[in-house]
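Chemist: Please put together the full structure from these sequences, using the hints given.
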Amino acid sequence: MRLHLLALLAKEPAHGYELKQALEQTFGSAYPSPNIGQIYVTLGRLEKDGLVRAVDVEQSNRPNKKVYYLTAKGRDLLEIWVDEPTEGPRVRDEFFMKLVLAPLTGIADRMALISRQRRHYLGLMSDLNDLLSRTPPTDRVALLLIEGAMLHLQADLDWLERCQEDLA
Amino acid sequence: MTSVIKTVNLVKIYQDGALPVPAVRGVDLQVEPGEFVAVMGPSGSGKSTLVHLLGGLDTRTSGEIWLDGKRVDTLSESAWAVLRRRRIGFVFQFFNLVANMTVGDNVELPALLAGASPKVARERRESLLAALNLTDRADAAPAQLSGGEQQRVALARALANQPALLLADEPTGNLDSRNTRDVLRLLGTVHKEGQTIVMVTHDARVASLADRVVSLFDGEIVDDGRIARRRTGTAGEVIDLR
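These protein sequences, in sequence, are chains A and B. Counting with UniProt numbering, you get residues 1 to 168 for the letters of the first sequence. Counting with UniProt numbering, you get residues 1 to 242 for the letters of the second sequence.
If you are wondering where the hints come from, they were derived from the structure by calculation, not from laboratory data. Everything hinted at is true.
To be clear about the criterion: a stretch of chain A counts as covered by chain B if any three or more of its residues have a C-beta under 8 Å from a C-beta of chain B, and this derived list gives those stretches: (1) 30-44; (2) 117-125; (3) 144-152.
Reference excerpt, derived from the structure (chain B facing chain A, CB under 8 Å, subset only): (4) Met40; (5) Ser177; (6) Ala204; (7) Ala207; (8) Leu209; (9) Val222; (10) Arg230.
Note that beta-carbon positions come from the ideal geometry of N, C-alpha and C, so glycine has one too.
Modeler: Here is the structure:
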């Protein structure tokens with residue numbers, strides 16, 4: 001979450017609760033509802049690393065609130081994060097390792113592994129279908145995220161079929 | 001409860017010159033009323049052949065096919081034609097629409113052939129076209145439609161006579177994601193209303209609507225089981241892209 005908070009602070013200084021609201025407004029339902037405690041912990045660490053600076057702002061009738069600013073060092077880190085290409089999905093995942101290694105162990109054959117995995121993926125896809133139908137059309141960021149997840153799953157399933165053709 | 005479909009050791013062997021090519025090798029499949037079964041597997045695994053056999057569009061080499069408790073693999077071609085008209089809807093990857101009839105008439109015809117009154121057939125046509133976002137294309141000729149639109153017309157036509165069994169072979173092969181959504185919604189609705197569906201598909205979104213997935217490999221069923229559904233929550237909670 002560190003870099004997400006830095007990105008929000010690059011727009012304008014904010015206190016913890018404002019950052020929580022900004023995440024919710026920007027992502028809609030596409031971001032797991034952030035826990036305020038987690039935000040404060042993360043801000044504390046960012047401050048310790050010199051990436052943000054906190055300024056106490058006096059409030060009448062209330063304890064002071066801390067407003068956080070991005071430091072130059074924080075901005076540098078953010079720029080590196082934005083500029084560098086992002087890793088693609090990992091294909092040599094846990095399932096791939098099982099698929100290759102399991103037959104050597106004699107515990108399971110590949111056909112059974114592929115079939116089970118296919119049903120698992122279809123179950124996930126079904127959850128996404130469900131999610132899609134429950135997401136309002138105005139929640140565009142969330143809709144794009146769901147569509148992305150569906151396309152990934154479709155690719156995983158197509159690849160399972162290739163494994164079946166070549167390995168089974 | 002009588003199964004909608006039951007096959008016993010179903011075999012189809014094509015003849016390629018002197019060479020026998022087995023496409024379906026001993027399939028035992030049972031489908032209960034209201035079930036939605038997705039048939040998956042690599043190309044050449046026998047999926048299309050299987051649904052063609054179930055719809056009587058191809059003849060089996062050996063084994064039995066039972067529909068609604070009646071043995072049908074021994075039926076004549078004309079008896080199959082009657083059965084299809086009354087009991088089976090078919091959607092193919094290629095749409096097989098009647099070229100010199102309007103889109104609306106293509107959808108209405110099967111209901112009339114199956115014996116529905118003109119009023120019922122018309123109502124059915126209108127609700128199906130509306131569900132698939134095709135109402136304003138009703139008077140067009142099939143050739144004036146895009147591939148995706150023709151595909152949806154083919155689905156509407158297959159559902160027009162409210163068949164006991166819907167057979168489909170890659171029914172979303174030509175659809176973009178928005179059109180697929182309409183098709184998904186309609187399939188979901190008719191399935192909820194009790195429509196029995198057997199569908200060959202590569203499209204995981206469509207397959208995931210099914211209750212059960214049957215995987216074919218080399219003409220045999222290698223997996224047959226239910227699709228488990230689990231997670232609920234918001235997109236942010238459910239999705240964690242790697």
